[in-house]
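Q: From first to last, the protein sequence lines stand for chains U and W.
Just so you know, we're using this note's numbering here: the first sequence kicks off at 144 and counts up by one.
Just so you know, we're using this note's numbering here: the second sequence kicks off at 11 and counts up by one.
FYI, nobody ran anything at the bench for these hints, they're computed from the structure.
One thing to keep in mind: the hints can contain errors.
[Claimed, not checked] Sample of chain U residues lacking proximity to chain W, with all beta carbon distances greater than 12 Å (derived):
1. S172
2. D190
3. G200
4. N222
5. K244
6. D275
7. D314
8. A315
9. S345
10. H365
11. T367
12. N389
13. D430
14. R439
15. E455
16. T494
[Said to hold, decoys possible] Each pair of labels, with its calculated beta carbon distance range:
17. U:D190 - W:V60: 49 to 59 Å
18. U:T216 - W:D97: 36 to 46 Å
19. W:A103 - U:Y424: 51 to 61 Å
20. W:T18 - U:T335: 50 to 60 Å
Glycine included, C-beta positions come from ideal geometry on N, C-alpha and C.
This is what each chain is made of:
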Amino acid sequence: MTGVRVLVGTRKGAFVLTSDGSRRDWEISGPHFPGWEIYHVKGSPADPDRIYASQSGGWFGQLIQRSDDGGRTWNPVGNEFVYEGDVGTHQFFDGTAVPWKFTRVWHLEPSLHDPDTIFAGVEDAALFRSGDGGATWQELPALRGHGTGPSWQPGAGGMCLHTILLDPRDDAHITTAISAAGSFRTDDGGKTWRAINRGLRSDGIPDPDAEVGHCVHHLAMHPTRPDTLFMQKHWDVMRSDDGGENWREISGNLPTDFGFVVEVHAHEPETIYVVPITSDYLHVPFDGKLRVYRSRTGGDEWEPLTRGLPQEHCYVNVLRDAMAVDTLDDCGVYFGTTGGQVYGSPDAGETWAPIVRDLPSVLSVEVQTLP
Amino acid sequence: MTAPTTHTIRIVLPAHLRVLGRVDGEVVLRVDSPVTQRSVLDALEARHPVLRGTIREHGTLRRRAFVRFFACERDLSHEPPDDPLPDAVVTGAEPLLVVGAMAGG
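Please model the complete structure; the sequences and the hints are all you need to start from.
A: Below, the structure written as structure tokens:
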């Protein structure tokens, strides 16, 4: 019987939640790496036993852990992330120029085809690649060297590269997003990059429709439609149908269009999910109600999904990498909260139930659908 | 030319690094003279490569900001890395303590 494995990164370790295809009963293992911040855990699409985890902490820095047996055992691999060439500067919060400095890995994106190839999005914003299972890492420096790099500045969480989308049609085509610079795309495997932010409007920057400077929170893409991208920006939910060349707003009837996550249904490329958060100064669900909003029309028209989710006195957040879907026929949807709950829906969002309630604050949720 | 003297050095790691290095109790290393922060940490990282980057930064080999080195009830964190460590550490009477700095309340 097929099953699912939910990979949860938290402020104090990683957890692996496993169930069969019914997704009623769950086995929970962890904490793995207790006491460490686990920004992201993700499995290889090419080998479900291969899983990578980003382990970091303020005292002892960054480690990358790798499992070759589906998360039962782990071994540290390479943790040396060195910027290529001239480090240069970017803007700090106060507008001063500061040198790029590696802090942590926010996001790990394994290759669609090769378990030993993996990309890492890091703070300060840069993209790294490993071709040897994480043993060594090399920067793709042209992104950081984009002509606008010196003007990038951190979002509230740091200047992080948090989204890496790989195009199933073409390994050379990679889309990334950086807070707070915006979205960038390469069509030549990282040799050159273009800012793809036309149509974004951000009132928090001096020129609201500038080429860069937008606080993109997350991007999502359905693998069968790589040219259609969905974006949860700081404010605004956006959509592009030309690979990011042009964006239009699809916030429609959302109660608020601030938020962090956006995800696409596994089998319906026009069905998307967001979790509206009150505002940039109040990172809690609108009106104290934890509601996932679903659009079955690719945006603009949204419906609240509430069955099984707390509808009063709920003041948690759902961070940018903390929602994922499985690929079973009825598409399970999962998300984690800063309150330590991981909710799952086995029916595309119609009903929800907590898989686990009292984990440390959840930073990321990924799902593997097991054969 | 005389051969360098080799010393037995004791190191106490913080809990997180003991887990990473799969170490129980103290780490005991043989280190040639002169015994300094740098030579001890070089030997530690050679024995336990997983600790590279966790105590000192990659590349610069500077102490990470929230790591401290204590010995003989003294804070050696700000001493030059090539200065000799106290005699009691060199003789093995006292361990070199690698400590995660206190932070928060």
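Q: Taking the hints in turn, state whether each one holds.
A: Hints, one by one, checked against the model:
no.	hint	result
1	S172	17 Å, holds
2	D190	23 Å, holds
3	G200	7 Å, violated
4	N222	5 Å, violated
5	K244	10 Å, violated
6	D275	15 Å, holds
7	D314	28 Å, holds
8	A315	29 Å, holds
9	S345	33 Å, holds
10	H365	37 Å, holds
11	T367	40 Å, holds
12	N389	41 Å, holds
13	D430	33 Å, holds
14	R439	46 Å, holds
15	E455	32 Å, holds
16	T494	40 Å, holds
17	U:D190 - W:V60: 49 to 59 Å	23 Å, violated
18	U:T216 - W:D97: 36 to 46 Å	43 Å, holds
19	W:A103 - U:Y424: 51 to 61 Å	56 Å, holds
20	W:T18 - U:T335: 50 to 60 Å	55 Å, holds
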